[in-house]
Every structure is written in structure tokens, then in C-alpha cells.
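> Chain order of the listed sequences is F and D.
The opening position of the first sequence corresponds to residue 1 in the numbering used here, with each subsequent residue numbered one higher.
The opening position of the second sequence corresponds to residue 1 in the numbering used here, with each subsequent residue numbered one higher.
Derived from the structure by calculation, the hints contain no laboratory data.
These figures come from a predicted structure and were not determined experimentally.
Just so you know, not all the hints are guaranteed correct.
As the list claims (entries may be wrong) - Estimated spans, in silico, between C-beta atoms of each pair:
1) D:THR73 - F:LEU3: 19 to 29 Å
2) D:PRO172 - F:ASP47: 51 to 61 Å
3) D:LYS159 - F:LEU3: 17 to 27 Å
4) D:LYS159 - F:ASP13: 19 to 29 Å
5) D:LEU17 - F:SER60: 26 to 36 Å
6) D:GLU100 - F:THR91: 53 to 63 Å
7) F:ALA40 - D:THR44: 33 to 43 Å
8) D:ASP119 - F:ARG88: 35 to 45 Å
9) D:LYS159 - F:SER5: 18 to 28 Å
10) D:ARG197 - F:ARG37: 45 to 55 Å
11) F:SER60 - D:ALA143: 20 to 30 Å
12) F:ASP13 - D:ASP82: 27 to 37 Å
Unchecked claim - Pulled a few chain F residues facing chain D out of the computed Cβ check, cut under 10 Å:
13) ARG12
14) THR61
15) CYS63
16) GLN65
Using N, Cα and C, we set each Cβ at its ideal position, and we do this for glycine too.
One letter stands for each residue in the lines below.
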Amino acid sequence: MLLISCPNCGPRDETEFHYGGQAHVAYPENPNQLNDREWAEYLFYRDNTKGTFAERWVHSTGCRQWFNILRDTVSYDIKAVYPMGALRPDTTPAAPEGAAK
Amino acid sequence: MAETAAPKTSRVTNLSLRTSPAALLKEAFEAGSLRGTVELSEITFLTMVGIRVGRDTEAGQRIASVTGGLPATCGAVSGTGDTSVLWLGPEEFLVVAPMEAHESLGGDLIQALREALADGEGQVVDLSANRTTFELAGPRSRAVLEKGCSLDLHPREFKAGTALSTEIGNIPVVLWKTGDESYRIFPRASFAEFLGRWLLDAMREYASPEVP
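From just these sequences and the hints, can you work out the full model?
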């Protein structure tokens, strides 16, 4: 079980939260001009990152607020918790493979 | 044509017909409570009002003047007299007041909150029927809750006068510590019977002598 630090409520069990998928998927600027493939890619196609992944969570049993998490999909280590709308924090200094980026 | 008008009965008659969500467990709660160890009861028909408003807005300040403040942080409870305001979210609060504060009994709390909100951004909703209230009290009440709640309930962390929304026995509830050894639990009405039976089961071991 993950222990997730809600920005409002502090550390709580994973069962109090719901997952919201990949973060920072921008809504298309002109959705009417997309063809079916581009629209399908916006709706359904998501990264399948091995390593640090930005994702959305909602504290559904607690404060019912959304927030973003940077989570390592291999180790499940939560590297950052940051508010909706904020830019993805840079974690490269902490990551040993930062030079490869 | 079908008769659609409400039957002309007095207010008293109507209220006597009310059934609280855990009414069928009343005898079980009495039989399962252990005097001086852990006691469980249902407090029926408390007035509850859901409020969504920003604390810093003008409407929020008007509502705060009716309720005696709006809590600022997770767990905080504010209020005056017998009206309490529980923090549910950064802009979401639950007002808990005695049954008599409800407009069906002549109270004016909800109307006063509606007037305080006026046309400000937010909402005031009568949620009195949404949840029921269990009261768990006694020296063993923390041990009972710890069987199904993953919060740190040690008095060092969870102090009297704080309220947190969490899960007990996998049921989403608001848990309000009203005293050093007393808790109020607010489950939604449809979960009340399950949670009541779950708590009775968790209390049962304290009826027998402790195994050395």
C-alpha cells in the first residue's frame, strides 16, 4: 500500500485516493480541427513510462481535491507532490541517470 | 386523478414517524455497550449543513459570522455554542448543530446561512438526512476504532476537538474526537447499519475477561 501525502491532509493510505491518469495532458487548442486519429490520441493514448511519471490523484475520501504526483513506476517511490496547474518539478539532480537526458 | 396533496397531519405526528438510519440497531447498541469500557449509541437527526465557500471571500466571512468562524486547516473544528463547523476541504465545511436547529422544528440556522451566502459564490445545502451520528465513548473506544482505521489515533497525534474524514472498516466517515475518550462518527445513512454492526463486532471482545 502506498502512503500518499495529500497537500491538504498529510500522509494517508492509498485506499483513500483515486488515480487520475497521466498529468499534463493539454486539451487541444482547436479540437474541431483534429482528425480522428489525433483526437483518439488525445483521448486514449498515454505514456507508459518506466521510471518517473507525472500523474494525477484525488483524495476522494478526504478533502476531495486533485493534485499531481511524481512517482517512480518501478520503485513506487513518490518523488514530489505538487498542485494542479503547476509545472512538473525538475527532479533531474536527484536522479543518477540525469546526464543521459 | 390521484391525490397529490400532502396529508394534513400535524408537525408532531410527522416527526414521530421518522426512522433514523440505525434505528433497527437501537437494542443491539444497548446490549453491546459495556458500561465504563466502551459504549456505542446513535444520536439521531442532528442538523447538518454542507457549506462550500472560500474562507477569504466576503460570503465566507459572512457565513463565518453566523457559524462562529470557519476552520482553516485539516482537522480543525470551529463554532460557537452547540453549533460546530468541521473542515472537510479547503473550501468545504460541515456544520453540525442540534436537531432543534432544523427548520422543521422551527430553527433558523439553515435560513441564516442561506441569507449569509446571499448571491455570493458557494453553496449552502441541508444535509441533515445525508449522514447519521454514532457516539463511541469509553476507555476502549480508541482500541475499537484502531481495528478499522489507519489514522494515527494516539492522543499525541489525534487531539480532542479535531475531526478528520477517513475510513473506518472501509466505510468513508467523518471521525470527530469530541473528548479524550469520546468520538462522534458520521457515516452516510446507507452505511449506518453496516458500520453499526461492524463496531458492535469490534467491541465484543471487551465483554470477556482479558486473556493474559
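> Would you mind marking each hint as holding or not holding in the structure?
Here is what the structure says about each hint:
A C-beta distance of roughly 20 Å is found between THR73 of chain D and LEU3 of chain F, which places it inside the suggested range of 19 to 29 Å. The supplied range of 51 to 61 Å is broken by PRO172 of chain D and ASP47 of chain F, whose beta-carbon atoms lie about 32 Å from each other. Taken as a hint, the range 17 to 27 Å holds for the pair LYS159 of chain D and LEU3 of chain F, whose Cβ atoms sit roughly 22 Å apart. Taking the beta carbon of each, LYS159 of chain D and ASP13 of chain F are about 21 Å apart, inside 19 to 29 Å as hinted.
Roughly 35 Å separates the CB atoms of LEU17 of chain D and SER60 of chain F, a value that falls within the hinted 26 to 36 Å. Separated by about 55 Å at the C-beta atoms, GLU100 of chain D and THR91 of chain F satisfy the suggested range of 53 to 63 Å. A C-beta distance of roughly 53 Å is found between ALA40 of chain F and THR44 of chain D, which places it outside the suggested range of 33 to 43 Å. Taking 35 to 45 Å as the suggested C-beta distance range, the pair ASP119 of chain D and ARG88 of chain F conforms, at roughly 39 Å.
With their beta carbons about 20 Å apart, LYS159 of chain D and SER5 of chain F fall inside the hinted range of 18 to 28 Å. Between ARG197 of chain D and ARG37 of chain F the C-beta distance comes to about 54 Å, which sits within the given range of 45 to 55 Å. Between SER60 of chain F and ALA143 of chain D the C-beta distance comes to about 28 Å, which sits within the given range of 20 to 30 Å. The hint said 27 to 37 Å for the Cβ distance between ASP13 of chain F and ASP82 of chain D, and at roughly 33 Å that hint holds.
The beta carbon of ARG12 of chain F comes within 7 Å of a beta carbon in chain D, closer than 10 Å, and the hint placing it at the interface holds. Restraint check, THR61 of chain F versus chain D: the minimum CB separation of about 5 Å is within 10 Å; hint holds. Proximity of CYS63 of chain F to chain D holds as hinted, the smallest CB-CB distance being about 4 Å (cut-off 10 Å). The interface hint given for GLN65 of chain F holds, since its Cβ lies 6 Å from the closest Cβ of chain D, which is under the 10 Å cut-off.
Hint check: violations occur at hints 2, 7; the rest are consistent with the structure.
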